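Dock chain D against chain G, hints included.
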Amino acid sequence: MKNIFALLIAATIIVTGCNKSSDAGAPSSGSSKGKKVTIALMPKSKGNAYFISCKNGADKAAKELGVDLVFDGPTDPDPAKQNEIIDNWITLGVDGIAAACENKEGISTALRKAKAKGIKVITYDADALPDAREFFVNQATPQGIGFTLMDEAGRLCNDQGEFAIITASLTAANMIEWQKYIEQRRAEKYPNMKMVALRPCDDLKDKAQSEATSLMSANPNLKLIMAICSPAVPGAAEAVKQAGKVGQVKVIGLGLPSENRRYVKEGVTDSVILWKTEDLGYLTIRAAKAVVDGDLKPGATSFNAGPLGTIEIKGDNILLGKPFIFNKDNIDQFNF
Amino acid sequence: MKYFREISVALALLALLIALAIVAPAFYQPQPLLSLATREAPTLIVACGMALVIICRQIDISVASQFAICSVCAGLLASMKLPLVIVLPASICIGAILGSINGVLIAGLGLPSIVVTLATMVTWREALRWQRQGEFVNLPDNVQWFGLSQSAGQWTVIAIAITLLLVLAVCMNRMAAGRFVYAVGSDAEAARLAGIPPQRVTFLTFAFMGALVGLAAMMNVVQSPQVDPKSGTGIELKTIAAVVVGGVAISGGRGNLWGAFAGILLLACISPALTHLHIESYWEKAIQGMIILLAVVADGIRTKRGSA
Chain G
251 MKNIFALLIA ATIIVTGCNK SSDAGAPSSG SSKGKKVTIA LMPKSKGNAY FISCKNGADK
311 AAKELGVDLV FDGPTDPDPA KQNEIIDNWI TLGVDGIAAA CENKEGISTA LRKAKAKGIK
371 VITYDADALP DAREFFVNQA TPQGIGFTLM DEAGRLCNDQ GEFAIITASL TAANMIEWQK
431 YIEQRRAEKY PNMKMVALRP CDDLKDKAQS EATSLMSANP NLKLIMAICS PAVPGAAEAV
491 KQAGKVGQVK VIGLGLPSEN RRYVKEGVTD SVILWKTEDL GYLTIRAAKA VVDGDLKPGA
551 TSFNAGPLGT IEIKGDNILL GKPFIFNKDN IDQFNF
Chain D
-4 MKYFREISVA LALLALLIAL AIVAPAFYQP QPLLSLATRE APTLIVACGM ALVIICRQID
56 ISVASQFAIC SVCAGLLASM KLPLVIVLPA SICIGAILGS INGVLIAGLG LPSIVVTLAT
116 MVTWREALRW QRQGEFVNLP DNVQWFGLSQ SAGQWTVIAI AITLLLVLAV CMNRMAAGRF
176 VYAVGSDAEA ARLAGIPPQR VTFLTFAFMG ALVGLAAMMN VVQSPQVDPK SGTGIELKTI
236 AAVVVGGVAI SGGRGNLWGA FAGILLLACI SPALTHLHIE SYWEKAIQGM IILLAVVADG
296 IRTKRGSA
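If you read the sequences in order, they're chains G and D.
When you line the first sequence up against the working numbering, it's residues 251 to 586, in that order.
When you line the second sequence up against the working numbering, it's residues -4 to 303, in that order.
Looking at chain D on its own, in the form it has when it is part of the complex:
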């Protein structure tokens, strides 16, 4: 079955939601759910980019550091009283520049993406620690929720993330650029022979990833009156996990954004679900790990069957 993985993640999510409805109906209150969705919207945006990177048979573990740098830069620009119409594109540009650096090293020099992004992850993070020393950036009053009311701001953040998901999902399926990413990810040499420049595709994928991180960082900045310079810590693990759980093959070339979306929803619900079920938080990381392990094992079994 072609969409086996996407469907099984959706079923797992459904099972969790039904269990919550029976055992802890308090989970279904509009305000906390809206808040949860808003909090996870930036993660969804990063996950979209991560899906592209992994489909392209690469990986980017530097996204959390990029996220933190974009957040702090956006915060500093906003505290200089610059309007959001300037701060938002600036944050996206900074992200795109950071992503391009990864892209140049990986596509241009042919270095392995895990090593390059490991290096940039540490470099950006330490540079930021040195610069900020952990100090928060205080934002002017009109930044939170874009200067709108809280609920309007929350819906705006969610709408931006969902729109992005829809547009990208369609692009990946229907547009040449999207098919190029799949082609390069499944077989770069074949793609080259077919006239697709693998290096350019890889470079653009990383640059685009960075731009998405810049957007995501901004969507996080507007949710609070202060920017934590550690913003986004752990987002690389969360998004890679969501993407893999959602059926994107870590070996590239296969998977789609809907799976990544389902993966994010599933992982996002686990932590609040445990709180609602009054399960000790000691279990949280273990359960997340189990889910990822299951997904990887399923992947392994399928690959083995396919090759046998």
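This is chain G alone, in the form it adopts within the complex:
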């Protein structure tokens, strides 16, 4: 049984390998400038709309730079499958790998192996251990997220009135970090706004709806609900709608456009904040190509990403920049 399995895997590698060389003109392992570069892009899972959107951006960059893009990943988020695919890529001899890691420790061994073979490795969306890759394309810093949320709240409320935050849990490290920056921004720029409550929703849409309902009845002057975990945004919006307070209580939050589209269009939710996934994919391929070409080396502090402009690099993090705000006018352009 085991032998058959091994044979199957070997066959797959040979077949995929042949396919590749036939349409890419044999990507040799010792590629240099001038030769066509092959970069492999790994999503956490292939069918996920979020990563498909990343791939669209990656395709654009690959076309502009004349890069051969290989896109493959597990059908479901599966660290073991990710390792398997990276092993295949090592055998294939790609020039660069850009991976979104399902499991930090799990994937790092495979990535180190690739690095040892001379393949340039970067990560995006979710990082590996620092020694397993050269750069991490970081889609959003806690400061960027916190400041953007508070700026949106301040803009919508004209720096006036009460707001409440619904978070996933009171102990989640990333949310505490965001809250810190939200409060810092509020104190600096929106001193007339007051945070009246912070409620956890356990990352559940239904609980967020209940919490938002009691927040509104307990705080009659509430002007805005800021939902900082993704299920809480539609949950809060549904509560506002059912309470008949659309417009009176505004909803903003950190979430996926697809989950909030109906509420944004109905005017219940004003803004949904996330990064532009296409830009993330685009920047990742630009960065990977630059690393492969030797144009981007550890220690760099900025990087020219073509149409995206000059991108800041902090340590070994390539920063995508400010989060993107989805609203009524643009939400239909995004399908993840």
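Because the hints were derived from the structure by calculation, they are not lab data.
None of the values given here were measured: they were computed from a predicted structure.
Glycine is no exception: its CB is placed at the ideal position from the N, C-alpha and C atoms.
One thing to keep in mind: the hints can contain errors.
[Claimed, not checked] Sample of chain G residues facing chain D (criterion: CB under 7 angstroms; computed from the structure):
1. Asp326
2. Pro329
3. Ser464
4. Ala468
5. Lys495
Quick look at chain D alone, frame taken from chain G:
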């Protein structure tokens, strides 16, 4: 006093409500209260089933996973444009099947219910996570509130839950089937000698629990235009707590649905009450835990006194 526990929970609830009336009268607004009742109706339905299971001297911690599976299945069926008259029974049937699986393993093979339902809880939950990857199910427009107006839909959900509670409470008291559950829960061997088949009663209790979860899931699905595949998470703790707080003995055979009802009301009011009293949410879980602890301690003291 026979109904000591039920009465003390009701008094605790009353005290909380009076305190709110004095300190935070804003709690008493029709729309938010109606909304709160609607949101808790599915929990009440599950709590009814949980009361039966615990009276039968068993436990079912897989209800949250069953709830999520029923919700997602109902959502997917509804998004295939099937009418609610088909989706609702389908959801109940799926729940009953999941409950029967527990029932077969527990009653048929004599396995401990806590282990079996722990296993099914994890299995169903992970299977669903694998299948949906956290993605919401979007529902067609006519599903929310059964296609009625919001308030009509809310009252329908509440009416269904309350009717179920009344019918079950009467059945548990007056009908043979209900007395069988008590008999098996207090002493399975004695029940068998009296001609009651304990295995069949246990199996049917779990299957019925599943069916109720299917109904509850549906009552939750109609409250929103999207189904969260994590729907119902934590409902097992909430319902077990409500049932125990309401005076159902965890050792089986004793308690009733009215106590469970009072327990649900009490636990359901705590979270909004804290919001209204502007108490930091850090305290919420601690207060819930304290209430459950009090109930269990009261139970322990009574059992000890009874046996001494």
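For each hint, the structure was consulted:
| no. | hint | verdict |
| --- | --- | --- |
| 1 | Asp326 | holds, 6 angstroms |
| 2 | Pro329 | violated, 14 angstroms |
| 3 | Ser464 | holds, 4 angstroms |
| 4 | Ala468 | holds, 4 angstroms |
| 5 | Lys495 | violated, 9 angstroms |
Hints 2, 5 from the earlier list are contradicted by this structure; the remaining hints agree with it.
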